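Kindly generate the complete structure, drawing on both the sequences and the hints.
Residue numbers (the numbering used here), protein chains in the order written: chain E, 666 to 1177; chain S, 666 to 1177.
If you're looking for bench data, these hints aren't it; they were derived computationally from the structure.
Just so you know, not all the hints are guaranteed correct.
Unchecked claim - Partner residues are not named here, just some residues of chain E that face chain S (Cβ under 7 Å, in silico):
no., residue
1, Glu-748
2, Arg-762
3, Asp-807
4, Ala-1016
5, Gln-1017
6, Val-1027
7, His-1075
Unchecked claim - Here are some of the chain E residues that sit facing chain S, going by a computed Cβ distance under 8 Å:
no., residue
8, His-792
9, Arg-1025
10, Arg-1029
11, Gln-1071
Please read all numbers here as calculations on a predicted model, not as lab measurements.
Here a beta-carbon is modelled for each residue, glycine too, at the ideal position from N, C-alpha and C.
2 protein chains.
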Amino acid sequence: MFETAELGRHISKKAFSEAEPVLQTQLLQIQRAIREANVPVIILVSGVEGAGKGEVVNLLNKWLDARGVHTHAFWDSSDEERERPRFWRYWRALPPRGAIGILFGSWYTEPIVEHAFARSDATQFEHALRRIAEFEQLLVDDGAILIKFWFHLSKDVQQERLKLDVGERIASPQLALYAKHYSAFREVSERAIRQTDCGHAPWHVIEATDPRYQHLAVGRILLETLQRHLDAHRAELVSGAEPMLLKESPPDAPRELLATLDPDAARTVLSTVDLSQTLEQEAYEAEIAALQLRLKRLTWQARARKVNTVLVFEGWDAAGKGGAIRRLVSGIDARLFRVISIAAPTDEEKAQHYLWRFWRHVPRAGFVTIYDRSWYGRVLVERVEGFAPRPDWERAYQEINDFEEQLHEHGVIVQKFWLQISPEEQLRRFKEREVTEWKQYKITDEDWRNRGRWQAYEEAVHDMVSRTSTRSAPWKLVSANDKRVSRVTILRTVCERLEAVLGQTGKPVESN
Amino acid sequence: MFETAELGRHISKKAFSEAEPVLQTQLLQIQRAIREANVPVIILVSGVEGAGKGEVVNLLNKWLDARGVHTHAFWDSSDEERERPRFWRYWRALPPRGAIGILFGSWYTEPIVEHAFARSDATQFEHALRRIAEFEQLLVDDGAILIKFWFHLSKDVQQERLKLDVGERIASPQLALYAKHYSAFREVSERAIRQTDCGHAPWHVIEATDPRYQHLAVGRILLETLQRHLDAHRAELVSGAEPMLLKESPPDAPRELLATLDPDAARTVLSTVDLSQTLEQEAYEAEIAALQLRLKRLTWQARARKVNTVLVFEGWDAAGKGGAIRRLVSGIDARLFRVISIAAPTDEEKAQHYLWRFWRHVPRAGFVTIYDRSWYGRVLVERVEGFAPRPDWERAYQEINDFEEQLHEHGVIVQKFWLQISPEEQLRRFKEREVTEWKQYKITDEDWRNRGRWQAYEEAVHDMVSRTSTRSAPWKLVSANDKRVSRVTILRTVCERLEAVLGQTGKPVESN
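As structure tokens, then:
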């Protein structure tokens, strides 16, 4: 999930100094409108240590009219607070209607810290998250506008900051301790964000490497969200009784809101794939043979332990999915795998929920099931071509996560691949297919049409990875301009994943 | 919660035979409309053993056109099913669009049975319920109409049936076992129902003592729910894009739908209070003195253990709340209690969520807090007088349950009292107040106005008890026509509750 907040997005000094005064004026205007509309606004400022949360809070206080802003930092809980139910302290901190409350740290901090330091178990953590979801629902039902920011830094950047930032180290003596447990925090935070990321209270995960990018993203999201709510509020006042459904926030709001300011602010996750990688034929042949042998052994082990594996393949047209799958299954005994090619749904399938056709094929224990295209069609082709209305594909991210989480809880290994090629390479392959007789069936009008929507697809892939790449069901972005690189990468990833699960613990799945 | 399904509601033979043919004709019509609208309908048939679930399923198959009905019973899971994630078997059983699926037993059965027999712990149970809520959300988001029936029998009636019903005993050899664990099942079921009872998939808890009442209630609810969904569906087709908010189902649907057929089908929970009870002055004085002494000892014990107690008083005007509270606090050291009278909210309170004013007064550990009127104003006076719009008070039941559950989890004892008097007794007291000079301040125009809405208030009280009487925060309905009976009942209930918590386990709260 955090992959999409490690892209090195930034904003130039010039673009920032041009945008800031405009933004501030707009924020002051909207703050007045909020006061008139008499709705409370709650802004949660959270994220990893060292991500400049304090600066964001100071900045918001600078941009906004301080008279309507209530800033509240949650330090360690007091005696007073500990003698009451946990949410008492959060109720105390809520802003009244018409005001903006900035909460530095929030109801998320304690559950995340407790669980990351293993002082609470997975089910206690889940219970705490349910309480949070209920609380946020209650606030939103009452008309509050809830805006949740999560600021992210990669491990390396966090380490850098630790060395430099003496001031923050004094403010938070635990910073070094937190940094040491970076990956535990990352995993626990991912879970917290995923489980509480819903339509009425979405999370905004923002890369905090470049403060200019971070600050403009915060400002623009704030502005856009408040504007959207005020519009809906006014429409309700005009139309009378019936409450309207609120328009959704863009899935990657910072990207869409900042793209015009600086192209570097709009990088997608696909920009991280190094397409220049190549592999010589000889090295390739040796490596692929070794990997196939290794995979054969591993899949028999998985069979003996009754561990299922689900491999999902998505990618651009002509990215080489078919060839990669053939090399992969050469390393698996034919009795142990099944390849499922997802074409148009049957009549019977169309009469059911779109996930029904995937549930019906969930294999019994001990097998490898390979999906050539998958349930991700919902958030790729169906989104881009408009086959599914926006609320349907928006909802699908969560539905897919729930589905894969159920597979994971049942002990199924889930690994997803996106095969990435450049538009130039795709064009070369299309043309090659047109002139090579036995390859002509492979190229259709549809392929050319999809190609015309490269950017829309790239955005859909970016959102898909952002929303559905989880620790238990990760996406691997495969550099596929060179087919040899692609095939080796895929085989190696599958082997490593199986080894990690089968090898160390002796148990089919890591405890969840 | 189940108190409201133990009222002896029934339908006369005559009323039933008049209503049934009409109902069947309407059901067949609506089934055709469902087929045309191409939406799937999922009916869950669940409840305690012996409650005639099989007969309901047979009846629905008789009433409806069998060609569009898919009945599915969940027996013990097969090998096939156990080797896949738990929900695989439920996905298999879903009806296609346009059809009606009747699920005999459902995704609730296994989690409830596992937890009632202590084979899963509280957090595993909560996790299972979260999965269920996600699944139901997914179905409803996809356009399915989900109707959930829970059939209830009191313990005595279940025992009766066990003796008589040889046929069912053969069908379910575990019936005797389940009956033996009646109270464990009751508690676990209550929790399951409460946590999954939401707007898009509400539960209908139906008393199953009288089959005629049970069957007509099922038929009418089915009809009313389908009609409501079809109307919304059609409105959407007409108005174009924007999906509309669906009108809610009545809180006690059977009551509202069957009231015209037979007054005995419309009994409220207040009908169970025996108002003829009396107590002589001498016996009263002795008893009250003993109880006050007992309470003094208990509240000091609670103080030592840092256990908080919250007592809530609601009741008709002139039911004697004030007097009862005075007798109660005579039994508590003045340093240990606080009485909070809930009047109109302050400006500061009005600028917040309605629960904020109650959260702010949550006491520190070791005290007794007595609320003379409370957060229940939301679902009583605000509902009846229209001060809160329907969605607001409808939502409040769940919000209040969450609030009280947080108190309970923090170790607070919560006990709620409703003081019940007859309209005749109220009139007598009003008149007495008008002629007694020092009591005149106690009677206002508002009291007379409220009296004029006796039936609306009675319905609101009924729904309140139905939705918010839980094991950890129960309602006690107090017979208050005789003030002496009322005061003794209240003191005794408080003593017994404190003893139960402080006495046996040595721990402040039962494990949850």
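Hint by hint, work out which the structure violates, then give me just those numbers in ascending order. none
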